[in-house]
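Novice: Since the structure of chain A is provided, determine the placement of chain B on it from the hints.
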Amino acid sequence: MIRLEKRPSPSRFWTMLTPVLAVVLTMIAGGLMFAILGKPPVEAIRTIFWDPLFGEFAYYFAPQLLVKAGPLILIAIGLSLGFRAGIWNIGAEGQYIIGALVGGGVGLAVYPSDSPFLFPLMVIAGGLGGFAWAMIPALLRTAFRTNEILVSLLLVYVAENIMASMALGLMRNPDGAGFPGSRNFKDYPAAFNDELVTGVGMHWGVLAAFIAVIFAYILLQRHMLGFQIKLTGQSPRAAVFGGVRPARLVIFCLGISGMLAGLAGLFEVTGPSGQITTDFNQGYGFTAIIVAFLGRLHPVGILLAGLLMALTYIGGDAAQLNLGLPSSAIQAFQGMLLFFLLGVDILSNFRIRFRKREVV
Amino acid sequence: MDLSAINWLLLLASLMVASTPILLAALGELVVEKAGVLNLGVEGMMITGAICGFAIAVETQSPVMGFFAAALGGAVLSLIFGILTQVLLSNQVATGLALTLFGLGLSSLLGQGYIGIKPPLTAKLHIPYLSDIPYLGQILFRHDPLVYFSLILVLVVWLVLKFTRAGLVLRAVGENHDAAHALGFKVVRIRLAAIAFGGACAGLGGAYLSLIRVPQWTEGMTAGAGWIALAIVVFASWKPGRVILGAYLFGGVTVLQLNLQAAGLAIPVEYLSMSPYLITILVLVIMSADRSRAALNAPGCLGRSFHASS
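Line by line, the protein sequences give chains A and B. Note that our numbering numbers the first sequence so that position 238 is 224, with each residue one more than the last. Note that our numbering numbers the second sequence so that position 173 is 877, with each residue one more than the last.
Bound conformation, chain B alone:
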């Protein structure tokens, strides 16, 4: 193996790009779970967002329109889940799985005419002055706008959850929906809003894959990214700041194994490709083994249906 063949500067720069889709999806799912809903359909919403964004961006030749369409597509799909679980009181685990299966089918149906097409390119945003810093500028400050958007979104979610009334209500609904209902909060509406936000974020993450990271459309292109996002929420113990850490860790593993493949490491390609999944499992085990941490932070009503009896 020739380690010097790896350009470490480029590796670190591409780390942020590789992490952004998972970061966006995980952040959306964090808000959903904070509201007490477990949506296992992240993978389905991501891939639907990927094709919606791709199709609209190609048709309008505008990536911005594409990202809006992706967020809308993800949100609409997530509301199917929302109505089923919140209004029709179906089992959240089963409905989430249905959403993933349906999303995978729907996306390959929508994407039939878009295989092998190149999307319009998203311009990179060179932040003035900062991007001229040697080394650091290339790694941190010469990315597309969405990388910065995702980081700002983490900050906003953290601020809203921690310092605003709306955030407090959302957390109350997630911790104890009966108490929140007794206080007069509209549990179902708040949860639906959270689910739609999660869907929009997952859609954006998917579109980031199809429009910037890859960039083209292939069936099943998310390849488990949605499931990794779900795992990262557990890893982050439901704290927005730690979602960045988790997403960048997995982005780092992904980029590193791709670079090792290119450098011709003596390990077969397939074993390198499975490493991000194995490391996700390992991290999950470490997090859940710590009894005090894992159990305390999970929202109290996570995954439970709410039905106001009166």
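The following block holds chain A by itself, in its conformation from the complex:
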């Protein structure tokens, strides 16, 4: 019979290989799912993973890769710090919305302005907005031991209602003939998050994501705080004896992840999305959870995982266009990926031994 034997420490070999294995398994299972839906499986997989980069319309799709990957990486980097320490912020979607509303609100409040300081100010406001929203679960957890998973998630629904209220009320475009939605940032140069290099998809948010990757790497590998985060995740009791203050760590991890999510929201709403509407959020806050795990909670891994996940978004759009595949199929596909990833993780933590059944 098969027996599982716990490894003393996770296997480095399998830790690197399991994400690849999970992607391959997801492609196979996803192919089966597409076959059941009556779509050609091989063609569907190729449309999602190959064509956006190397196909006929790659010039259109490839820049989108960075546009989609930017917010995913930015949010996932923040989440991964908390996940490593056993602090579960799953309400990044809410922090993303509030960041966009606060930062965007600053820009809209002073319309029309052409100050060069406006955009940096909006960025700061967006980060603070996300930070403040994440402080709600953080302070409730440190003060009252309230479960941060439930509070951060429930606040997403609150944030969505605030977003609807803003788009229909306070931030509605006064020249918009009564339609819901704010002024379009594309017509507001001082507040617009334009492409840094035309035609590549690189905007300030993508740059911020790359910087976040570098900072997170240094924090985790070289800084005391990173060591404390990793230690708390592996053994909370030992960490306390080692001088870690759990409450501070909760506030730091939730605060950073909230701030990065808020920044992602601001860069998105002033750039690719362009407008505060009743539903400008696209679920990046939730997909980023998958990105964080797919990247093994490691900054470099998250960078690669974010690009891969962005690819499934673009490929999903392409498959929707060319094969009539429903958009929700991609969501199920992404969920499946996380399942396989968590499942094959056993290979890095356990050894599988075959031996005869003993009498027990």
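Source of the hints: derived by calculation from the structure; they are not laboratory data. We put the CB at the ideal spot given by N, CA and C, even for glycine. The reader is advised that the hints may include incorrect statements.
Claimed, not checked - Far from chain B by the CB rule (all over 12 Å, computed), these chain A residues: (1) Gly91; (2) Gly212; (3) Gly229.
Claimed, not checked - Computed Cβ-Cβ distance ranges for the label pairs, DEER-style: (4) Gly817(B) / Leu18(A): 12 to 22 Å; (5) Leu18(A) / Ala897(B): 24 to 34 Å; (6) Ala224(A) / Gly924(B): 36 to 46 Å; (7) Leu307(A) / Tyr975(B): 35 to 45 Å; (8) Gly968(B) / Ala15(A): 46 to 56 Å; (9) Phe213(A) / Gly968(B): 54 to 64 Å; (10) Leu18(A) / Leu887(B): 33 to 43 Å; (11) Arg(-11)(A) / Leu872(B): 22 to 32 Å; (12) Ala95(A) / Ala967(B): 28 to 38 Å; (13) Ile338(A) / Arg869(B): 31 to 41 Å; (14) Leu716(B) / Phe196(A): 52 to 62 Å.
Specialist: Chain B only, in chain A's frame:
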């Protein structure tokens, strides 16, 4: 605002209907957590149950078949979580989140052809004599069978957990899985059974939304009900009787804010819609602030993986 525009009798009657989906899901999750497993995928199982129940009820024109399909769908989905966490020993928090994300995607995929269709109606069960009592009869005794089923289920779960051997074993597994294993109980099997029960209950709750409460299918229609159910288990401090209290409290808030919207209260609609979530957070804070209560009742091995080393 015109408060007299609210029909308080109808409000109280619809309170039970609004609470039932959350009650069912929370009860299932309570059993799962009593077995020491934290399944954060309630939202995903609920919405999968909602579409499974809806699709089968429409195809067979029988709501009863729909509810069976919903329970089955929820249980099958929960077993993905069960196998991953119990056999492959994955992290329960992460796997639960994956279940929610997957369930949301899967349900909108399955539900594509069912948007805008009306489901077959579930007949109301007028309990003889009792339903003729003035006022009280209308509020309490003229509902669909599932409202009564959910209340009976609470009673059954309470009796089983408190007075039977099976319930004792389940609680033992949740309190200390190593000790239960040493006594010869099959920890993994018992937990899988509990997870499947939780999935079936969440599926039923979801189908109640799509077949009776709304009744139609829309994407993402559970809108956080699964998360509120999770919060109610904490609110109830893992006691079945208090789950009713919690679920009816939140049902009451939901119904009241809907009625206030209709009555034209001077508060914008969005702020009323967020009130059930805010009140859930408030209640969570109050419950967890009480150190003696919250910590003592949580099952000892909640959320921890079990691996028999020998």
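Novice: Could you tell me which of the numbered hints above are not met by this structure, giving the numbers in increasing order?
Specialist: No hint contradicted; all consistent.
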